[in-house]
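> The lines below spell out each chain.
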Amino acid sequence: MGVELFYPEFEVVRNYDRCIACRVCERQCANEVHSLLESKGIMISDESKCVNCQRCVALCPTRALKIVKSNCTLRENANWQNDTIREIYKQAQSGGILLSSMGNPKPLPVYWDKILINASQVTNPPIDPLREPMETRVFLGKKPERVQRDETGALKCELPPQLELTMPIMFSAMSYGSLSYNAHASLARAAEKLGILYNTGEGGLHEDFLRYGKNTIVQVASGRFGVHEGYLRSGAAIEIKMGQGAKPGIGGHLPGTKIVGDVSRTRMIPEGTDAISPAPHHDIYSIEDLRQLVFSLKEATEYQKPVIVKVAAVHNIAAIASGIARSGADIIAIDGFRGGTGAAPTRIRDNVGIPIELALAAVDQRLRDEGIRNSISLVVGGSIRNASDVVKAIALGADAVYIATAGLIALGCHLCRTCQTGRCNWGIATQRPDLVRRLNPDIGCERLVNLLTAWQHEIMEMMGGMGINSIEALRGNRLMLRGIGLTGKELEILGIAHAGE
Amino acid sequence: MNPYLIIGNGVAAAGCIEGIRSVDPDDAITVVSAEKHPVYSRPLISYYLEGKTDLNRMQYRSEDFYETNCCTVIPGQAEEIDPVAGSVRLSDGTTLPYRKLCLATGSSPFVPPMAGLDGVRKKSCFMTVDDALLLESYVTKQSDALIIGAGLIGLKCAEGLRDRANSITVCDLADHVLSSILDGDSAAIVQRHLEANGLRFRLGDSVRQFSGSVATLQSGETIPFDVLVLAVGVRANTALLRSIGGEVGRGIVVNARMETSIPDIFAAGDCTEGFEMTSGQNRVVAILPNAYRQGFAAGVNMAGGDAAFTKNIPMNSIGLFGLHIMTAGSYTGAPTEERTETTLKRFYTDAGLLKGFILVGHTERAGIYTSLIREQTPLDTIDFEAMKKIASTSYFSSDVRRKKFGGVV
Amino acid sequence: MRKEGEIRIPSGCAIAAMISKSGDRMCGERIVASMRPMHDRSNGLGGGFAGYGIYPEYRDFYAFHLFFDSRSTRKECEALLKEQFEVVKGELIPIRKTAAITDEPIIWRYFVAPLPSVLRDLQLDADELVVRTVMKINTSLNGAYVFSSGKNMGTFKAVGYPEDVGAFYRLDEYEGYCWTAHGRYPTNTPGWWGGAHPFTLLDCSVVHNGEISSYDANRRFIEMFGYKCTLQTDTEVITYILDYLMRVQKLTAEEAAQIIAAPFWSTIARVSDPAQKKQLQYLRTMFSSLLITGPFSIVLGFNGGLMALNDRLKLRSMVVGEKADRVYIASEEAAIRVMEPDVDTIWSPSGGEPVVVRVTGGQADGR
Amino acid sequence: MKRVYVNEQWCLGCHLCEYYCAFANSGLSDMATALKGTRIVPRIHVEGDNSVSFAVSCRHCKDPICMQSCIAGAIYREDGVVRIRKEKCVGCLTCILVCPYGSLTPDETGIAQKCELCLQNGSGAPACVRGCPNRAIVYEEREDAV
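Residue numbers (our numbering), protein chains in the order written: chain A, 1194 to 1694; chain B, 565 to 973; chain C, 2 to 368; chain D, 12 to 157.
Just so you know, these hints were derived from the structure itself, not from any lab. Wrong hints could be hidden among the right ones.
[To be verified] According to the in silico footprint, chain B covers these stretches of chain D (three or more CB under 8 Å from chain B): (1) 12 to 24; (2) 53 to 66; (3) 70 to 78; (4) 89 to 102.
[Said to hold, decoys possible] Below, a list of computed lysine-lysine pairs in the DSBU-like style, where the Cα atoms sit at most 30 Å apart: (5) K1242/A / K47/D; (6) K875/B / K97/D; (7) K600/B / K616/B; (8) K875/B / K952/B; (9) K278/C / K1386/A; (10) K47/D / K1262/A; (11) K967/B / K875/B; (12) K1259/A / K47/D; (13) K13/D / K875/B.
Beta carbons: idealized from backbone N, C-alpha and C, even for Gly.
Extracted from the complex, chain A is given alone in its bound form (with noise of 0.2 Å):
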C-alpha cells in the first residue's frame, strides 16, 4: 500500500533554539529517527519511526528534545476509538497477530490503588525503624505439619530446602536472549548484593553468572531451552514454567534474530533459529504429570533444592493452586495479567487472565481453608510496582513478590513496549552489542540495589506505622487492609473490610 493510513503516533518536538546539533540523538536511536541535514547543519526527525523511548530526550544534553504523542487524531469515537483503528489498519497491512510488549496498558481495576494500609494510633504503638530493628527477612519453602524429636527429646531441626531472603521481593523470570547480558549481568549482581534472588527465565544459564547460583533461581519451560543436569545444580532454586501472566495459554516466540552467539550457545539451539516454547509442557498435560516433573527435577537435584511452580493467573487459580500445593512442588508463584513480556499477542496480554490481587487473595484463602497454607510458599508477580504493593501482597497473604518491570525500569526502560523489535535503545531487551553496551552493569546493579533498598526502607516504615517489626506477622494479616470505593463481592474475594468499617 503506498499511503500510510495513519499519521505517526509520536511526535519528536526540537527546540531549534537549543539544539547544538551535537548528534548525541542521532547515534542514540536505533531506530534512525534523527539525521543532520549536513546542507543545513541542522537535525531533523522521521517520525514515522519513533517508538517513544525516550532515548534521545535522556541523552540531550541541551534538553532541546521532547516526544509528545501525536495531537492528530480521528474523530473521537467511544467505541472506535484511535488505537482500535490503529490496530485495524495494522492487520489491514499486515495479515498478522498483533505483537505487543511488556504489560497490559488496558484502563482495567488495579486493585492495589484500591486498597488502604493501617497505622497504630494510641492502643498499640508505631515501631520507628531508625531506632528498632525490623526484620524483612523471609524463608521460601516448605514447611512440614508437626515437629519431631529425636530418642533424646531434643528437637530435629531439619526443614526441607528453604530459600533465604533479605527481604520479600526476588526479580522474577526474564530469559537471557529476551534480556541483554547486561541486563542479566545487573540482576544477577544486584541480587547477590541484596541478598535476594533472580530468576534466569527459560533461556538457561549463560556461564559467566553461574558464581551467583546461590542467588539464581533456574526456570524449565515447555521449550526446555539451556536446560541440562549442571544447569538445574547451578541455582538456588527450579522453577518450572508453566504460564505467564502476559500470555497465558500461550507458549514463547524468541525470534531468530536474537538467537545469536552466546544465546544460542546458552539456550543449546543453532544460531539463528527461533526459540519456540510450546504453549503446554508437552510432558504434562495433568496436574498428576506436573507431580511427575517436580519429583524429577527433586531427584536430579538430591532434594537439595525447592521446586517453584509458576502459574499465570486464570479464573480457576485457587483449585490449580490447590493442585500444585499437592503435587510436591514447595513454592507456586502467581503471575497476574499485568505481568510483562518480551512479546506476547496483544489480544492475549490485554484480554487473558485476571488480576493478581484477586488471584493470591483466593489461593491463599484457598490454601488455608485446606488447612496446606504452611506446606507451600506464595510468591506472587504480575505488576507490582511499588513498596506498597509489596505490603498489600504480603497483607493479603503472599511470602514474598517477584517484580520485573519495575526493575527494568530501574535499568532505564521507558515502557515503550517495544522489546520484540530487538532495537532497545536502553541496552535491556536487545542483543545488538552496540545496543547492548549501553547497560553498565555495575549501573544496572547498583540503581537495582537502590530500588530495592528504598523499597525495604518504605516497607520498615509501613510495618512500622502498623506497629508489625517482622515480615511474617504481616503475612496474611489482612486485618491492615481496608478497601476503598470497591464492591462487596470485590471484598469478598479480597478478604478485606472496607475502609471505615
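Based on these hints, arrange chains B, C and D on the given structure of chain A.
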C-alpha cells in the same frame, strides 16, 4: 664539599638543575652563564619578532627558579677544565671547583667565509635573544631582508620578520627548503606555502660576494638588501672537552647516562652526540626536548641517582605561517605516502618497524606515530594501514590500550 | 456498638498472677486484692480470674463453665453435652450479688468426662473432643458460651472491675496453687461477659495486656487447624496458638515462647551454641506465622505451672517478684506488693524472655 | 591522585563527553548558548568506531614528555596535574608530536590545550565524567598500570 657545576645556562642546564634537585635537594649548584639572561627558550626568538611572545614570557622558568633551586649563577666564559683538580677556570681567571661537572655549552652559529661580509653593516645571526634584539633594531617596514639559510632557523626568522620588513629573500645552497628534515618533494609543498606568504627564495645558490648592501650570487643575480641574517648552520661547542682529550665527534660523545669519556664530567644538550635509535648511530640531535631530557638525566646521575636518556630520535614540529610540519626519525626503508596539493603524510618503514615520518599540514595525534618509532612497535600488531590515515590508539589491540590507559603512566 | 465476635476487639489491661512452686493452695482473695491498686488499668468493662487446683475432688473431670442466655439454651446445650460426655455434676456457679455487677447471664458449671465410645468412634483423644465441643458450642449454639473447660481449674469472669468480679464469684471461697487475674480496658466494645479474660481452652488460660499487630496473620494461620476465633480478641488467638503449640505440637512452654516472641534474626545470629541457634532458626522458620508482634504481656496458666512473657520489644510493663516458693507477676509492682509486701526479689523480665514456673507437688498435673 | 580513566567496554561513542568538556571550558552557564553554531574544540575526544570506541584525554603522566619537550616551558605540573600556561605557549605543537596518547590538541587559536581535570573551570569534577551516560569515564585513584 664542592658544588655541582654546570657550564651553560640554557634548557639543558635547567634540566640538569631539576635533575640534580630531584635527587639531592640541598647541595650547592653553580651555573656559569655566557649570556646575561636567565634561562629562556631560544626557539622563541622568532615568535618574539613576530610579536607572539615577549621577553618576559620567553623565560623558560619562573623568576625565582635559581633561588628556589639554590643555584648560584656566575656570568662568564669557561676557558679550561682541570679534570685532575676538579675545577674550571673562567676567562676572568676565576677557578670554580666542582664535584660533578655538566657541560651544557650548546652550539654556535656556523658562518662560512663569504667575501665582503665584513662590509655588511646590518647583519646578525639568529641564535640568541640578543641576536633577535639586534635584528629588531635593524629592521623597519621599509627593510629588505636577506636570509642566508633556508633551514629551521632561517625560515622561522623569515616568519618572524615578515610583517616587520618590506621583503624577505631566503637564499640557500641546498636546492630545497628545510633540507635537514625534508626531501625536495615534501619541501616543495612547504616552499609553495611560504612563497604564497610573501617569501622569495634563491635556492641552489649562494653568495659569491657582498658589496655593501648588495649580495651577488653565484648565479650572477644581485640582491639588494638592508638587513642580512646569517642562518647557515650551527656547530656544537665541544672545545672545552676536546682540549682535555675527551672523546668528541660532531658533538661531545656521551652515553645514555650522559657521561662523557672523562670521569665526573657529564654533558647535555646541543653540544652532545649520543646514540640515535633510528639510524643506529651516534648523532647530534640538537632539539630542545632532548636538551631538557638529557640535562635532567645528567643531573640525576650527577647527584648519585640512576637515569638514562634513551629512545633518542630526531623530531621537529615547526609551524610556518600556519602550516605545520612534523617530522621524526630517519628516512630509511620503504616510504608510503598520501598527499594533496598542500599536505603530505609520508611514512618510512623498515623490517616491520616505523622508522620515520614527514607530516605536512597534519598534526592530529602525531605523537602516536612518534611513539611507534620510539617504542619500536611491531607494525603487524596494529592496524597500520588505518593508522596511516589517522593516528589513533584505536588501532592498537584493546589489551594494549588497557595498559596505556588503565593505570598511572 | 458491636460486641466481641462481631468485630475485632483490642484492649489495654492489667494482669496479675501468683503461684506456689510447691503446689500449696492459696486463697483466691489475695489475687483479687492485687487488682485493686491497678484499678485505673481497667475501665469496668471486664475482669476475670483463673484458678488452678481449685477442684481437687473433680480433678479427673473437665470442668466446663458456661454462660447461658436462657434456660432453654441451657437445656439445649446440656442435651448436646450428654451426647458425647458423661456429666457427673452440673450446677449453678455460686455468686454473691453486688451492685457493681449486674445483668449477669445464667452461669453454670459441669464436670464431665468424654464417653469412651465416642472417642473410639471419632478416633479422637479426650482433649481434642473437648476442644471440638467447645468450638461447636461457641460457634453454633447461640446464647451459650463455654468460658472454661480444663481439668481441676476454672475461669471466673464478668463485666465489671476485677475486684468486684472476684467478690461476685466468691473467690475467697476457693483455694488454688496458681491464680491469674485480669482487668480489662477495651476500646470498642460495650463489654460482654464472654469477652472478659482470662480466655481459656482446656486447662490453658491466658491473661493478656496489649494489642498485637500480628493478629490477623496469627488468626488466619491458627484457624487452619480447627480453631475458630469467634471473639476476635488477642487473648483468644494467643490461647489457641499456645494450645496448638503446646498440646498439638507438644512443644514446651519455653519452645512456644521462642516462636511467639522469637528472638530477632540478629540476636539469633549471635547465639554461640550451634544447637541452640539451629533450634531458634528452625522454630522461627517453621512457625513464622505464629510470631506475635505488637505490645503484649501475657500470663499463660496451665496445669502445673505458668509462663509469663512480654513481646520482644517489651512494649508493655510486667514485673516478677519472688518470695520463698511463691512467684508473683503483675503489670505493676504495686500489685505484687499487695500480694506479698515483703518479696525477696523483684525484677522486670526482658522482652521475649519467658518466665516459666512449674509446680512440683500438691495438686499439679505437670506438663 | 585522581585521574580520568576510560573503560572502553562501556563507551557508547555518543561524544557527549566532548560537548560537556567544551561547555565546561567555555566559561558560559548555558550549554546551548555556549555551543550553538560553533565547532567544538574539546580536550577529550572519542576515537574508534561503532564496535569499539573510547574517549581519550590527558593521562597526567608522572613523567610527562610533553612538559619536558615544551619549547616555551609553558607546560608544568601542579599537584600531579599537567597544565599549560596558555600565555606562554606559542603553538609550535611539539607537545602533540611527542604525546604517545594523542591527548593534546590545538585550541581555536592554535595554542595547545589539554585536559586539566576541570580543576580551574568551576566544574568541580571533570565534566566529561559527570556527563558520561554510561560511566565509561570515571575519575578515580588508581595504582599502576593494569
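> What's the verdict on K600/B and K616/B, does the C-alpha distance respect the 30 Å limit or exceed it?
It holds: about 23 Å lies between the C-alpha atoms, which stays within 30 Å.
> Three residues minimum, CB to CB under 8 Å: does the region 12 to 24 of chain D make the cut for coverage by chain B? Let me know.
holds (count 4)
> Mind checking the alpha carbons of K967/B and K875/B for me, to see if they're no more than 30 Å apart?
holds (20 Å)
> Regarding the pair K875/B and K952/B, is the alpha-carbon distance no greater than 30 Å?
Holds, because 22 Å separates the two Cα atoms, which is no more than 30 Å.
> Against the 30 Å threshold, does the CA-CA distance of K13/D and K875/B hold or violate the hint?
holds (29 Å)
> Taking 30 Å as the top limit, are the C-alpha atoms of K278/C and K1386/A close enough?
holds (25 Å)
> Can you confirm whether the C-alpha distance between K875/B and K97/D stays at or below 30 Å?
With a Cα-Cα distance of about 29 Å, the restraint between K875/B and K97/D holds, given a limit of 30 Å.
> Does K47/D lie within 30 Å of K1259/A when you go C-alpha to C-alpha?
holds (18 Å)
> Do at least three Cβ atoms from the region 89 to 102 of chain D come closer than 8 Å to Cβ atoms of chain B?
With 4 residues in contact (Cβ-Cβ under 8 Å with chain B), the coverage given for the region 89 to 102 of chain D holds.
> Taking beta carbons only, do three or more residues of the region 70 to 78 of chain D come closer than 8 Å to chain B?
Since 4 is at least three, the answer is holds.
> Does K1262/A sit within 30 Å of K47/D, going by the straight-line distance between their CA atoms?
holds (28 Å)
> At a Cβ distance under 8 Å, does chain B reach at least three residues of the region 53 to 66 of chain D?
holds (count 6)
In summary, the structure agrees with every hint in the numbered list given earlier.
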